[in-house]
Each structure stands twice: as C-alpha cells, then as structure tokens.
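Line by line, the protein sequences are chains Z and U.
Note that the numbering used here has the first sequence beginning at 1, numbered continuously upward.
Note that the numbering used here has the second sequence beginning at 1, numbered continuously upward.
Derived by calculation from the structure, the hints in this document are not laboratory data.
We put the CB at the ideal spot given by N, CA and C, even for glycine.
Possibly wrong hints are sitting among the right ones.
Unchecked claim - No farther apart than 35 Å at their CA atoms in a straight line, the calculated lysine-lysine pairs in the DSBU-like style are these:
(1) Z:LYS71 to Z:LYS16
(2) Z:LYS11 to Z:LYS62
(3) U:LYS58 to U:LYS69
(4) Z:LYS16 to Z:LYS62
(5) U:LYS49 to Z:LYS62
(6) Z:LYS11 to Z:LYS71
(7) Z:LYS71 to U:LYS49
(8) Z:LYS15 to Z:LYS78
(9) U:LYS69 to Z:LYS11
(10) U:LYS58 to U:LYS68
(11) U:LYS69 to Z:LYS78
(12) Z:LYS78 to Z:LYS16
Stated by the list, open to error - Computed Cβ-Cβ distance ranges for the label pairs, DEER-style:
(13) Z:VAL73 to U:ARG95: 22 to 28 Å
(14) U:SER70 to Z:THR76: 31 to 37 Å
(15) U:THR77 to Z:LEU70: 41 to 47 Å
(16) U:SER26 to Z:ARG9: 45 to 51 Å
(17) U:SER14 to Z:LEU84: 20 to 26 Å
(18) Z:ASN38 to U:PRO79: 32 to 38 Å
(19) Z:ALA20 to U:SER70: 45 to 51 Å
(20) U:GLY16 to Z:GLU68: 34 to 40 Å
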Amino acid sequence: EAGVVQSPRYKIIEKKQPVAFWCNPISGHNTLYWYRQNLGQGPELLIRYENEEAVDDSQLPKDRFSAERLKGVDSTLKIQPAELGDSAVYLCASSPGAGNRTEAFFGQGTRLTVV
Amino acid sequence: AQSVTQLGSHVSVSEGALVLLRCNYSSSVPPYLFWYVQYPNQGLQLLLKYTSAATLVKGINGFEAEFKKSETSFHLTKPSAHMSDAAEYFCAVSRFGNEKLTFGTGTRLTIIP
C-alpha cells in the first residue's frame, strides 16, 4: 500500500516569493493534516480536513497561508508571500477518519528554506 | 488543552543498554498517547500507541511503553539498544484517534558503540 506522498521534498525560495506544497494521502483516508516542524521542535498542526471540509484551521496564519482539499483527496498548502521565519519542514499526514481508533500516517515532508 | 513534556532533549546510551525516554502528559479527558520516531530527513513513523486498552503497549523494533494514569506518564523503553535506534523520538497526545496530535519537543537518542 502506498504511503502519504508529498512533493517536492526540498524547496529553496527567496523571501516574498510564493510557494506551494502538494500532498496525496493514503487511499481511503478521510482525514488529512498539515503540520509544520521547526528545527529542533515537534510538529505543530496547521490545518485538519475531514474530507473536503477544514475542521480545524485555528493555527493557520491566514494572512499568508492557504490550503485546499478539492474533492476530498489530495491537498495543496500555499504560502504567499514567504517570510524567512517560514523555513521549516512541512509534513502532511492522513488517517482513516472519525470514529477510528487509529493513528496518523506521515509523509516524508517538504523542507522549505526561505533565503 | 493537552500538552506533552519530554524530559531530556538528548539521551545517550551504550549499545546493548536499556533505553528509557520519558514523557509526561496533561489532558482534561482520557488521552490517546503515541510515540513516533523520526530518522534524519524522514517523516514520522509510529512506534506504538495507547488507546485506553492495555496499559502496557508493545510496539515495533522491540519498544514498549506503559501508561500510568497516577503519574500522568507514558515512558518509552527498550531492553537492549541497537545502533539502528539512533533517531529523534516524539511523544504525542490527542483527545480522539483522529484529532490533532500535540507533540513534545522530542528526544534525540544517541547510541554509543
């Protein structure tokens, strides 16, 4: 079974430029998460989707970050414009959905460097 | 609100020695607890999880953890360390299985040959 697929793996951009990350969750998983992991820290949730609905986006900096999950399958996270402090690893995860006693499965992440 | 505290950002053990990584949690409801491992430039891989069944949980690669409600702890152990165990370990808590995970700051485990 294929795992969570993220692309690109690495991205280097100049500040004020836009950037987008893509995630394809495990087939059949209704719940999709985007986490941000700063250097030396644990991941922190940015947004959680149940199918195509964003059910928790309280930690998403909405002035520059946006996300979408059209058709409730793959998802895109965008930053525009990027700032130096956005340098981090962006992790996507998925799980089967509400009512399931199971864990989230993580992708390998996208390492963003803003220069 | 839920939180996790991992005691010791760096732990070093000799190959073959006991591994003990500490995790204490805070939760207003019965928690779901997880240990994840992260190898360099990789995502997170689940080691084990506690979901209110048995308090002693066995995971992959010989790791296990014991849920102790009275101590609000969920420490990770392995009887005999192997070189391949060198990685970053994260403890995490959630209210329900698919709700957001709240992670600790991680413990970097180094294995001394």
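Hints, one by one, checked against the model:
Distance restraint check for LYS71 of chain Z and LYS16 of chain Z: the Cα-Cα separation of roughly 30 Å lies within the 35 Å cut-off, and the hinted pair is therefore satisfied. At most 35 Å may separate the alpha-carbon atoms for a hinted pair to count; LYS11 of chain Z and LYS62 of chain Z meet this at roughly 21 Å. The straight-line distance between the Cα atoms of LYS58 of chain U and LYS69 of chain U is roughly 17 Å, inside the 35 Å bound, and the hint therefore holds. Of the supplied pair hints, the one linking LYS16 of chain Z and LYS62 of chain Z holds, its CA atoms being roughly 16 Å apart against a limit of 35 Å.
Proximity of LYS49 of chain U to LYS62 of chain Z is assessed by CA-CA distance (about 32 Å); at most 35 Å being required, the pair is judged to hold. At most 35 Å may separate the alpha-carbon atoms for a hinted pair to count; LYS11 of chain Z and LYS71 of chain Z meet this at roughly 26 Å. Distance hint between LYS71 of chain Z and LYS49 of chain U is fulfilled; the C-alpha atoms sit about 30 Å from each other, no more than 35 Å. Restraint check for LYS15 of chain Z and LYS78 of chain Z: satisfied, since their Cα atoms lie roughly 14 Å apart, inside the 35 Å limit.
Distance hint between LYS69 of chain U and LYS11 of chain Z is unfulfilled; the C-alpha atoms sit about 43 Å from each other, more than 35 Å. Proximity of LYS58 of chain U to LYS68 of chain U is assessed by CA-CA distance (about 15 Å); at most 35 Å being required, the pair is judged to hold. Taken as a hint, the LYS69 of chain U and LYS78 of chain Z pair is broken in the structure, with Cα atoms around 41 Å apart against an allowance of 35 Å. For a cut-off of 35 Å, the pair hint linking LYS78 of chain Z to LYS16 of chain Z stands: about 13 Å separates their Cα positions.
Separated by about 26 Å at the C-beta atoms, VAL73 of chain Z and ARG95 of chain U satisfy the suggested range of 22 to 28 Å. The hinted range of 31 to 37 Å is not satisfied by SER70 of chain U and THR76 of chain Z, whose Cβ atoms lie roughly 45 Å apart. A beta carbon spacing of about 44 Å between THR77 of chain U and LEU70 of chain Z agrees with the range 41 to 47 Å that was offered as a hint. Taking the beta carbon of each, SER26 of chain U and ARG9 of chain Z are about 35 Å apart, not inside 45 to 51 Å as hinted.
Under the hint 20 to 26 Å, the C-beta atoms of SER14 of chain U and LEU84 of chain Z, about 41 Å apart, miss the expected range. The given range of 32 to 38 Å is respected by ASN38 of chain Z and PRO79 of chain U, whose C-beta atoms sit roughly 33 Å from each other. Under the hint 45 to 51 Å, the C-beta atoms of ALA20 of chain Z and SER70 of chain U, about 48 Å apart, fit the expected range. Checked against the hint of 34 to 40 Å, the C-beta distance between GLY16 of chain U and GLU68 of chain Z comes to roughly 50 Å, which is inconsistent with it.
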